Amino acid sequence: MYLECIKVRVNLNKEKELKSFLDGVFNNLEQYGGLVRFEFYKNSLVPLDYIIHLYWKEDINITLGSPLSYYIIEGLQRIGLINHTMWVEETTIGDMEYNKGDTSEDTKNYPDFKNNVNKEETMAKKDEIKDMPNKITRRGFLKAGVSAGMLAAATGLALDLTKKDAEAAAKTLPKKWDEEIDVVVVGSGFAGLAAASEAGKRGAKVVILEKMPTYGGNSIINGGVYAAWDSKLHLRQKLNLGNDSPKQHFDDTLKGGDYYNIPVLVKNLTEGSADALNWMIEEGGCKLREALTRAGGHSAYRTHTVAEGVGRGFTEPLRKIAEKYGAKIRLNNEITWIWRKDTEGPILGVEVKTPKGKRNIKIKKALVLASGGFSRDIKMRQAFNPSVVPEYNSTNHPGATGECIRFAQAIGADTLHMAFIQLYPFAEPETGILDNPAVYPFNGVGYGLIYVDKNGKRFVNELERRDVCSMAQIKLGQKPTYSIFNEEMVTKMGGTMEEIEKGIAKGRFIKANTIEELAQKLKMPVNNLVETVKKHNQYLKDGKDPDFNKPITKAMIPLEKGPFYAVAQWPAVHHTMGGIRINEKAQVIDIWGKVIPKFYAAGEVTGGVHGSNRLGSNAIPDCVVHGRIAGINAAQEKA
Amino acid sequence: MKKPLLLFSFIFVILFAITLAFTKGDVFAQAKKQKAKAPSKNVSCLSCHDKISNVLPKNHKPVTGDTIASCNTCHRPDMSIKAEPKPYASTIHRAHIKEGKGADCMICHTHANNRFGLYKSGVSFGRLKKDELENIKNIFISWAQSKNIDATHSKVDIMCSSCHDKKLPLTGDTVENDRCLICHGPLEDLQKRSEPKDFPDRNPHKSHLGDIACTVCHHSHKASTVYCLGCHGNFKMKIPGG
Ligand SMILES: Cc1cc2nc3c(=O)[nH]c(=O)nc-3n(C[C@H](O)[C@H](O)[C@H](O)COP(=O)(O)OP(=O)(O)OC[C@H]3O[C@@H](n4cnc5c(N)ncnc54)[C@H](O)[C@@H]3O)c2cc1C
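Quick mapping for you: the protein sequence lines, in order, are chains Y and Z.
Residue numbers for the first sequence follow our numbering, so the first one is 1357 and each next one is one higher.
Residue numbers for the second sequence follow our numbering, so the first one is 23 and each next one is one higher.
Same shape as in the complex, but just chain Z:
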């Protein structure tokens, strides 16, 4: 029932770990005191899993140690921010959110002096305030199991950085069309795919409003909305995949 606990290494692994820490405010105080060193005894995978080998994929070589640090050595955090699937980080985050095993962010991640990092990896992902951390935690939960586009992306291992080509997306950040089109483009093909058979000029990707942002309709962390319907209330339009 448990998914394999793979090695950590992603930028956004970080984000996930945050997930769990936040019910208690004193986690921060604690983290602060420890100055990003050992995040505490919680950090042991064995506090939940009987054996590390139980959660590793079949042909994984044996792992020594019982913290995320054991994973980091091979699965280095990917700082490349490429628009591509990130299976390791994706799997390990999703596994823990789905199971809801109380694996709070701080088991693997560190958050001290507003710096967000990964335990014993020597990596800092940047500055994050407490409320932003909380926000990212919630977005991670949505990413793992909502009906929104973030969950559609999660299914194919697209992590935060695959879309947000910069570190640590903050509230109000958006995604530029060019980024979406790396996977979904080129635009002409997309337009061809979305051309309605009955009314070809009702093509949502060829708006009479000109070059508009994908995010006008497609929202990742909340329900998408068909902007056209604001005026054309009688159009039968739906956004597939959330």
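Next comes chain Y alone, as it looks inside the complex:
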């Protein structure tokens, strides 16, 4: 017999719709020949998580998923399914009779459906499966192998996994360890460095493993802007920029993430960000610019800029703190597996590829996974969000790949929001990097900067969110597009003429004294661009944009006075909001909703903090705050 499992997560409180949809399916099961049994569980620990079991007769070929399961998934998508995993197992769960059951709320076939979550019953169900002799169930897999590796198969993306494939994926626990370490941190970005600092401070022997030959990942190349409602410098109060509070930051973050965010994690971020900033200033010597901006999606002036203007201004202080507390960074050390004996026990260690060969490190206290996002992992991007096509460039460093997420899945870790991938709409078109000129299109829209396509025509409301601006460009099908602005806007949007000069020298900014000349230099139909600018100038005067409904504000400057500038732009993959599921203590949660002992994760490798869409400047506080939490808790684990 085959068991087909569909794991689903639904959108907020769609439970009622879900149930009625499944009732509908359930009532028509007879039409699906070969179906033996149908079960439906609610995950009693992770609200919104459900699992559907379909038992099929042996002679039915469903290795690639049955039509019924596709039907179910499609239906669930309509009512707000946001993530699903499906897999097929061989099983001999006895020749139970197909039992249609009744569909009343108390039905046995819905053992855990209603919110009167019956944990015991769920557990009993599992045990019953476990205790049946001579059959292969998911548990059976786990028992048959020596490590929890084969689960990779079960939770993976593939649909055609049979028992044989699953076992092939198993890895044998090492016979001996090459080394013992209290706390192993994977990744040397904001999250990893913060975790290492806190764990080291509490006396743990800490090693940071970093696969790249340089430290810092995405963190060291980032834009250096940090959202916090306050800091010891009290810039907002000093510069008289209005009010703010952790609650207001919390509300903005949820709104910006379309309420997909896990609230307790957002709470950590918004309540911990000011303290984390002070910590980097006090212990790490971090310096901030005397300015505060209001970034997209934020309702207050809370975005701090580090003096250096790049993430290095934060990673260097963090590295200093971590090293002060004895943490060692090992570059060129790549994690290639996470060791766990079974899906109940703790993390045991990691397998590492080093310049001197493979090493197995035994972990005494805990593993902290801070391996960053997967923007550069085309295969993983495709698996979860095929719309983010391989042709996209990325703003990320080359090491931003998802292998650690796969290893974590393989030993039972749950993931969420994997399809939520953010594009930065204005990256440098050729390489996708987010260089200094690439910031202007983002900062200038409030002051009247416009976007035009290769034909010199506007194509979107420039004040739209990142995802909308990106999609609008992609739909044009003509790369690149351009931002047009004039000199008057430069300082207002936080730029400098020095940056402009540098950008011109590099060929990034194109300068012209008239719009006609600019169009010529951009090889654009001159009349079109002239017409577009003229129309837009008029819209600013009228206070109305009939073309794209942009809300016109007084701060917007018409493009009348030169010199004018253009900068080419195109979307590039920027941030992966999804990742490993953690709780408020940064402990990794498994697919059954349980804590995986001795396993923590923080930073972009985790999912849920930012929901469907990360607000700019929220990532650094997320990484530092959760990194610290992970480090503190990791150090307190028993060796």
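Note that these hints are calculated values from the structure, not bench results.
There could be a bad hint or two in this list.
As the list claims (entries may be wrong) - Listed below are the simulated SDA-like cross-link pairs for lysine to any residue, each with C-alpha atoms no more than 25 Å apart in a straight line:
(1) Lys-1712/Y - Cys-202/Z
(2) Lys-1714/Y - His-186/Z
(3) Lys-1862/Y - Arg-149/Z
(4) Lys-1858/Y - Leu-212/Z
(5) Lys-258/Z - Val-1392/Y
(6) Lys-228/Z - Arg-1668/Y
(7) Lys-1684/Y - Arg-201/Z
(8) Lys-260/Z - Glu-1786/Y
(9) Lys-1862/Y - Pro-262/Z
(10) Lys-1877/Y - Gly-1949/Y
(11) Lys-151/Z - Lys-1877/Y
(12) Lys-1858/Y - Arg-224/Z
(13) Lys-1718/Y - Pro-208/Z
(14) Lys-228/Z - Pro-1569/Y
(15) Lys-1714/Y - Arg-224/Z
(16) Lys-1862/Y - Met-101/Z
(17) Lys-1877/Y - Phe-221/Z
(18) Lys-214/Z - Gly-1863/Y
(19) Lys-258/Z - Pro-1836/Y
(20) Lys-1862/Y - Thr-193/Z
(21) Lys-219/Z - Arg-1864/Y
(22) Lys-1676/Y - His-230/Z
(23) Lys-1684/Y - Ser-229/Z
(24) Lys-1684/Y - His-230/Z
(25) Lys-1867/Y - Lys-258/Z
(26) Lys-1858/Y - Asp-211/Z
Being a predicted model, the structure only gives us computed values, none of them experimental.
For chain Y, the structure is supplied; the task is to place chain Z with the ligand on it using the hints.
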């Protein structure tokens, strides 16, 4: 056509000798049996060269004997591991690799009980396992004739120990920036030299990634790679000299 066969004396002379021994596994067994004593008849230079005097530099004083031991007496192995050119060791190794005359490592070197030494010199360079010995042999071949930085160094008589300031580099060993900068520094000068005229802030030795290892880009025993290109694919950057 033959380069002068100078006296042996370097730490890394050792390494070279290894070059040749390794095609046959039984060399080890043999070496073991002989317990680092006479490495066998192979040890005579005359098995390849007609006359020792043919391979000596012009004004070299006459040499008696026909093994490396004759050289050792004057050219003592240099255990100083200084970052500087080592012409004697460099020349004698390079000459034999280039000519490929089958001068296996064990003609001059000894390898017994995993100890690596030089025939009749009384010197041991340390422990070396068989696979590491094989690795060093291959690196020596690269050093003598590849397009990598090791060959660039070979041309100016920089031997293994000039960079690896410890004995017998093993797989995965790296070289710290300070060592490179003894010859290529100070850093400020290096940065000045490498500053691009067109885009001064694209200076590869002034990375926005902070203090990074020279070895991020410069690999000695394999092709170097411009790390910057991992993100800045449109930069026109090349590493001169391999
Ligand atoms: C160009 C750019 C600009 C940005 N600007 C901002 C900004 O201004 N403000 C803001 O809040 N956010 C910004 N972000 C987002 C933010 O920088 C990232 O989300 C954040 O740096 C992630 O930090 P992290 O510690 O989770 O991961 P990272 O900093 O990416 O570090 C993870 C590390 O783990 C390593 N690793 C991965 N796999 C393995 C393995 N198998 N073994 C060993 N090591 C491994 C990686 O090599 C990497 O070094 C920006 C991002 C980019 C790319």
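| task | Quick one: which hint numbers does this structure break? Sort them smallest to largest. | result | Violated hints (numbers, rising): 3, 5, 10, 11, 13, 15, 16, 20; every other hint is consistent with the structure.
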